[in-house]
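Asks: Chain by chain, the residues:
There are 2 protein chains.
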Amino acid sequence: MRAIVQRVSKATVTVGDEQISSIGRGLCVLLGISVEDTQRDADYIVRKILNLRLFEDENGRAWSKSVMDRDFEVLCVSQFTLQCILKGNKPDFHSAMPAELAQPFYNSILENMRSAYKPEFIKDGKFGAAMQVHIQNDGPVTVELTSPTGPIDPKQLSKLEKQQQRKEKTRSKGPSESGREKGALRSRQDPNASSGAEGDVSSEREP
Amino acid sequence: MRAIVQRVSKATVTVGDEQISSIGRGLCVLLGISVEDTQRDADYIVRKILNLRLFEDENGRAWSKSVMDRDFEVLCVSQFTLQCILKGNKPDFHSAMPAELAQPFYNSILENMRSAYKPEFIKDGKFGAAMQVHIQNDGPVTVELTSPTGPIDPKQLSKLEKQQQRKEKTRSKGPSESGREKGALRSRQDPNASSGAEGDVSSEREP
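Protein chains in written order, with the UniProt record's numbering: chain A, 1 to 207; chain B, 1 to 207.
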């Protein structure tokens, strides 16, 4: 499952001349479900959307608050084209979940998001309709989320493997460590796990 | 290098109260450059943006024409937040190319796009400024592009491996083939040996 999360000042959806949905500050999420996605992917994506720290706090400190922390809204729109494989320059969408399966799954994802936050703060497009999605990207700030069973970045994996090896060495020489780092490589495959002991290298970058 | 490509009816960029950029039908591209990106990544992304078939032809047949085929415009905005690694729920941007390197690289990418198409059809944001990017996503249609040295989709890799195996079989039975396909898989698995130094990981970046 892949989600493109855009931080917005506002966002609306129109179908024809009719505005069917609208939010103020918050997140506009374009959600692409693949044929292989399961409830586990959905749970991960919902949790990340709601808890991602893409907003500043009351003192203006960037990347410190989530959409829920700030009482902002979410506009979620189904977007099968995110499950795209290029055949040359032609997009192929066979890895997207077929609409008849994707629609109930997508609806259940929205329901989960509503249960985990405030139902009235989760807005929707119109599944399968030709829409105009008006996104006022604020920053801009855009983040791509990929669920655990989705693509893995091999560079990151190889980096984690090297870190792992270094830690193994350190462990065999030095004082005993907790098993926490051992989990680091696994946690890439299971990104739900905590980030591990890399230390805080968080940036304070403004959007 | 990662690009989020949105098909748009129109798109504009404002900085403060001033509208600094605007396109009609075409593509709005949010472009995230990583510390490891090279000219090769840039060339791939430029080629794909300009040739991706995201538009219908004159008979309404979908996915048949590129932005160049249709004489549409491109609004490209630099977006370092696409090079995001989550540490729990906090985004970390140390894998984004630092602004002082990214800005000239980004400008060269725009120039390449202008040379390959029509200079006046390629619009820009304002590098590093706090912008509002107004995107009227038409469909919606959104595609993520990742350059060859970027993340690999393991599903696609496994497909390539199977293709490879089939070809090996054919080769052992049938007429000889060039070594080209053999190289294709290798280059997929080791997309970029020359990642370069990690360089500065400065934060404090504007978008």
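Source of the hints: derived by calculation from the structure; they are not laboratory data.
Note that the coordinates shown come from a computational prediction; the quantities given were computed from them, not determined experimentally.
Among the hints, erroneous ones may be present.
As the list claims (entries may be wrong) - Now the in silico label distances, taken between C-beta atoms and shown as ranges: (1) A:Q19 with B:N107: 34 to 40 Å; (2) B:Q39 with A:D69: 36 to 42 Å; (3) B:S22 with A:R47: 35 to 41 Å.
Said to hold, decoys possible - Computed list of lysine-lysine pairs in DSS-like fashion (alpha-carbon distance at most 30 Å, straight line): (4) B:K90 with A:K65; (5) B:K10 with B:K65; (6) B:K126 with B:K65; (7) B:K10 with A:K123; (8) A:K10 with A:K123; (9) B:K126 with B:K48; (10) B:K87 with B:K10; (11) B:K118 with A:K123; (12) A:K87 with A:K10; (13) A:K65 with B:K87; (14) B:K90 with B:K65; (15) A:K90 with B:K118; (16) A:K126 with B:K10; (17) A:K10 with B:K90; (18) B:K48 with B:K118; (19) B:K65 with B:K123; (20) A:K118 with B:K90; (21) B:K126 with A:K87; (22) B:K123 with A:K90.
We treat Cβ as the ideally placed atom computed from N, Cα and C, and that holds for glycine.
Asks: Now tell me, hint by hint, if it's right for this structure.
Replies: Okay, the hints, checked on the actual structure:
The hinted window of 34 to 40 Å between Q19 (chain A) and N107 (chain B) holds, with their beta carbons roughly 38 Å apart. Distance hint for Q39 (chain B) and D69 (chain A): a CB-CB separation of about 41 Å, consistent with the stated range 36 to 42 Å. With their beta carbons about 37 Å apart, S22 (chain B) and R47 (chain A) fall inside the hinted range of 35 to 41 Å. Only pairs whose Cα atoms come within 30 Å are accepted, and K90 (chain B) paired with K65 (chain A) is accepted, the gap being roughly 9 Å.
Proposed proximity of K10 (chain B) and K65 (chain B) is supported: the alpha carbons are some 18 Å apart, at most 30 Å. The straight-line distance between the Cα atoms of K126 (chain B) and K65 (chain B) is roughly 29 Å, inside the 30 Å bound, and the hint therefore holds. In summary, the hint linking K10 (chain B) to K123 (chain A) is supported, as the alpha carbons are separated by about 23 Å, within the 30 Å threshold. Of the pairs offered as hints, the one joining K10 (chain A) and K123 (chain A) holds, with about 12 Å between alpha carbons and a cut-off of 30 Å not exceeded.
Straight-line distance between C-alpha atoms of K126 (chain B) and K48 (chain B) comes to about 23 Å, which keeps the hinted pair within the 30 Å bound. At roughly 35 Å between alpha-carbon atoms, K87 (chain B) and K10 (chain B) are farther apart than 30 Å, so this suggested pair is violated. This hinted pair does not check out: K118 (chain B) and K123 (chain A) have alpha carbons roughly 39 Å apart, beyond 30 Å. Distance check on the hinted pair: K87 (chain A) and K10 (chain A) sit about 35 Å apart at the alpha-carbon level, beyond 30 Å; violated.
With a C-alpha separation of about 14 Å, the suggested pair K65 (chain A) and K87 (chain B) falls inside the 30 Å cut-off, and the hint holds. This hinted pair does not check out: K90 (chain B) and K65 (chain B) have alpha carbons roughly 39 Å apart, beyond 30 Å. Distance check on the hinted pair: K90 (chain A) and K118 (chain B) sit about 22 Å apart at the alpha-carbon level, within 30 Å; holds. Proposed proximity of K126 (chain A) and K10 (chain B) is supported: the alpha carbons are some 21 Å apart, at most 30 Å.
Between the alpha carbons of K10 (chain A) and K90 (chain B) the distance comes to roughly 23 Å, so the proposed pair stays at or under 30 Å and holds. Restraint check for K48 (chain B) and K118 (chain B): the C-alpha separation of about 16 Å stays at or below 30 Å, so the hint holds. Straight-line distance between C-alpha atoms of K65 (chain B) and K123 (chain B) comes to about 20 Å, which keeps the hinted pair within the 30 Å bound. Only pairs whose Cα atoms come within 30 Å are accepted, and K118 (chain A) paired with K90 (chain B) is accepted, the gap being roughly 22 Å.
With a C-alpha separation of about 33 Å, the suggested pairing of K126 (chain B) with K87 (chain A) is violated against the 30 Å cut-off. At roughly 24 Å between alpha-carbon atoms, K123 (chain B) and K90 (chain A) fall within 30 Å of each other, so this suggested pair holds.
Consistency with the previously given hints fails for numbers 10, 11, 12, 14, 21, ordered from lowest to highest.
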